[in-house]
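Protein chains: 4
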Amino acid sequence: MTAVALFGAGRIGKIHAANLAAQPGTRLKYVVDTHQPSAQQLAAQYGASVTDIDSALADPEIGAVVIASSTDTHADLILRAAARGKAIFCEKPVDLTLERARQCAAAVKEAGVACLIGFQRRYDPTFAAVKARIEAGEIGQPEVLVVTSRDPGAPPVDYIKRSGGIFKDMLIHDFDICRWILADEAVSVQASASVLTDPAIGEAGDADTTAVTIRTRSGRLCQINTSRRAAYGYDQRFEVLGSLGMLQAGNHRPTEVTAYGGQQVSTDLPEHFFLERYRAAYALEMAHFFEVVQHGATPRTTVEDGVKALELADAATRSWQENRLISL
Amino acid sequence: MTAVALFGAGRIGKIHAANLAAQPGTRLKYVVDTHQPSAQQLAAQYGASVTDIDSALADPEIGAVVIASSTDTHADLILRAAARGKAIFCEKPVDLTLERARQCAAAVKEAGVACLIGFQRRYDPTFAAVKARIEAGEIGQPEVLVVTSRDPGAPPVDYIKRSGGIFKDMLIHDFDICRWILADEAVSVQASASVLTDPAIGEAGDADTTAVTIRTRSGRLCQINTSRRAAYGYDQRFEVLGSLGMLQAGNHRPTEVTAYGGQQVSTDLPEHFFLERYRAAYALEMAHFFEVVQHGATPRTTVEDGVKALELADAATRSWQENRLISL
Amino acid sequence: MTAVALFGAGRIGKIHAANLAAQPGTRLKYVVDTHQPSAQQLAAQYGASVTDIDSALADPEIGAVVIASSTDTHADLILRAAARGKAIFCEKPVDLTLERARQCAAAVKEAGVACLIGFQRRYDPTFAAVKARIEAGEIGQPEVLVVTSRDPGAPPVDYIKRSGGIFKDMLIHDFDICRWILADEAVSVQASASVLTDPAIGEAGDADTTAVTIRTRSGRLCQINTSRRAAYGYDQRFEVLGSLGMLQAGNHRPTEVTAYGGQQVSTDLPEHFFLERYRAAYALEMAHFFEVVQHGATPRTTVEDGVKALELADAATRSWQENRLISL
Amino acid sequence: MTAVALFGAGRIGKIHAANLAAQPGTRLKYVVDTHQPSAQQLAAQYGASVTDIDSALADPEIGAVVIASSTDTHADLILRAAARGKAIFCEKPVDLTLERARQCAAAVKEAGVACLIGFQRRYDPTFAAVKARIEAGEIGQPEVLVVTSRDPGAPPVDYIKRSGGIFKDMLIHDFDICRWILADEAVSVQASASVLTDPAIGEAGDADTTAVTIRTRSGRLCQINTSRRAAYGYDQRFEVLGSLGMLQAGNHRPTEVTAYGGQQVSTDLPEHFFLERYRAAYALEMAHFFEVVQHGATPRTTVEDGVKALELADAATRSWQENRLISL
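Residue numbers (the UniProt record's numbering), protein chains in the order written: chain A, 1 to 328; chain B, 1 to 328; chain C, 1 to 328; chain D, 1 to 328.
Just so you know, these hints were derived from the structure itself, not from any lab.
Since we're looking at a predicted model, the values are computed, not measured.
One copy or two, it doesn't matter: identical chains are merged, so the pair holds either way.
Taking lysine to any residue pairs in the SDA-like style, the calculated list, with each CA pair at most 20 Å apart, reads:
id : residue 1 : residue 2
1  : K14       : P24
2  : K14       : L275
3  : K14       : Q41
The task is simple: from the sequences and hints, build the whole structure.
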């Protein structure tokens, strides 16, 4: 039985708590959140206690921590948990600065603890099937990856100001998809971006619409297009052209109803947002974490992956700001 | 807290046990199965005890029973549970004979207990969305219903011999869909059937492929086509033509991958069989049962629905055997 | 160079005239229509002359006739053209009475002339591809055929009164599809029908919505559902379940645009009606007629096919009127 | 009656000749090609004569010319035809050099003749429907355009050497789509490219796989990805995200057959290559040319469009070669 401390009782913390509860051989022991009522409610729901960071990490019974608190706390919690020898699951991004993220990676390595970063998309059944089929050779050598990633709407501008910018906050996932699907590292990044949905985003120094091109060591090309707003909801697709064919990962829909009306034939919009779209992925991700913790499975999304995605986000941010191609 | 006794620890019993476990305010207290090891294993998994029918029903703490044992035990268990005042969830069919099924309906009515029949398809998100959209008037008056219902493969011939025949065993669900979707009762049934997949099915006195036409009181027409075998898996679709349009309920797929190869563009086969296809439906069905038991919700699939579907199955069987249209 | 006489300058006559014009080695010499202005306009467009039936058939230069006039003239024109040794293309149906249709088949046989009946659907690229793939063994033995056939709207009631009824007028095509796709003959027909779209159709002694089941010699089952009205347009689909898989023939659409709006994802309605949907089929049908006439190709839709489809239509009409299964 | 001279009797010349033949009020009078047998065969098929450039242009009866000869002849023929006051249809590109293309545009303007450039994709029913729906406001303001453009296989390396490179030869169409769909002009172009399908293409100084980002005056972003080879055929798609929704233009398929087999559900590959995919577009393009010539319609694809697309191709080529963003 692995006792677990959960840091963060917000939206994503609740998801992880529910998935934790369904894992055989695990027990949520502590919930920690600066917002006490949230912590208490979530703790009560799963028979856990509310405590603080120090106490949670000091408890030798705690074998694993799940970090789902705000981004600015990630690195500190990773470092402290690693120092205590706890297995770590941490939401992306590791940190907003490369230096600090690399420090975490080094600490994790030195401590020899397992550390999974929450790139949940890799666990999505559709995305994982594409990856497996590429590895099985179905499309030969991957050549081109096109990623479309659009949110239904922008977060509050206050959030955006603290987010590290669209490349670190939103595209971090897409950069991870690029590295994972192409199984190759970037040699250059070129990013364009615009403010097209809300001038306040521009005033906050950020953009809401981006177009990124990544070139890899073996000359593979990846194009990513993102927007903070799609009127039709959450749009999460990618396609990989290979020497022998192409694989597309499409959106998921709530139902398989097709309606024939007087004007058109229609189907459901995509699943509304990430909590719905990646429901299965979050569950599989947490199951994988405990396979790692309890059975020594090889982590599929490491802190190094977190660092590499951040390097790309950093380069893309500079490319956009300096209006030039950045070599890595 | 509702204490529950589960009868039947087989394939479908396990599904119900898992869904029960996820219901707040319920507790699986007893598992009953003639096959002791199955009962013990399932009971252990959910902290329940193994007992026998009499003891389970005699326990005044038991508020609800879930009947997932073999078809020939359904009616007896319904009658005994109703007599004890227990809320009842029973898998379809109520019984293989109309007389006995009607006896159950009468007993349930007299006892004043809730009794849900496991027509799980009504709880499927896709099917339920079609129903809701018809009720909202999207396609005006329903006129034609076409139901396609195919299994990946036939059950063992031994099972078929005890099954009551394809109309009572397999089409019972489709007859329920017909009544539910068209919101109308049949006035005539015409059934054709063939043995096309396995001569042993014919030797057992049954058929494996059917084509049924139902006409309703208001002249609506329903066509059902079924087969015990589809090489591509489990095929569960229907479409409703109405005066203002059409709604189709399509198959669900494991992933949303589309593959472009040298010969074709391809997608996944449908979900493999009913356990996969109706996973969500089974969960929503059990949740609904406890809304009925604990909060007095109106049952959506009643024992009367079970009787009515059986009447259609009976008529279809006679239509096939006597090669003529049967009026109801 | 084959000189051709065209009987009928209406909607379908114009289609055939245009397709004739595109055939190398053919010349439209005469247009005959009781409505002189239509005949003159069409003749002028293709450099043909207007004449009457007798003169057209008496001209020894005329090698082939295309009969696109009203149904009640078909049999007479076939008999007269056959007597003159002309190759014949005739729109469906051969006649509204079986006796007269069989008389035409006998006359054609005796005269030894080519006679194609305009079951244009057999020439449709999608439908023909399904047929070819079945013949290539892709789905093994065909077992079940489901045909959906819906018009965007009913013709005028005056037309319906002279049409021979929905089974001879509309389902004649679907009966031909059944025989062609299953490559088997019917042993029984059961037809249900309702008046659901317009009471005037019922007052005219006809129905507007039908559900037909056909059983073939080898036990294959075919279900046909039709309606005179689909709010979303012309719906022409069928699917064939075989021992090794299934093939579906879907609707064609004007464009391949997919629209993601705030409420739904939508695509075009199907091609509006038969002139649009079967544009390619009409062209390929006429090309085939001249392969038969000029190069001795084996006719793909014979007068015997016309007779057989009519037998089914006749049986279905009786099944509906007498409310019973009809054995053939 | 407009008499027309056709320059070029190759693959695309034949398409134009056939479409010309179907235009009322036009007559193909001359066919000119350096390969006499091709010219003679095509001329014979449509009752035209073979002649040379001088004679064709000197004939005062010739009102329009169709230039479908090799790229290096385009500019010369445009200049000479303009000088003679002929209406001009010319295949893309106008020329491989911007200077010469601009010279053509100036000459056409000065001569006051109609000059259409063969960007046939603008006439494709699917693409044109997307454009019309954008103009009707369906998706609000366009923000992001993603273009996928892949050929089934590369042309011979000899052709590639004379082609002006992939950006001028292949992406010229995609650049035109960008300008047309976004209704905006580029302010910067960034192009990446790789040699992934055939080293000989790299040895010829060209690339076979590209990723281009274009930014427009109003900050709209366009991403284009192309490949000289797709194992599954000709892939021609684009999608436009706007403030109110998204429109996708998908591939066309030969048939609407869906096959359910033991391993997958599959549909046809896309139409094989441009002659099949754009069959309707070529016909509509030629019809539009004669609406311009005979009825004064406003040209939809002008020589200025040809110049602008070439400017983008030129900038993209430089961006790739110099590995930097090019401002326009």
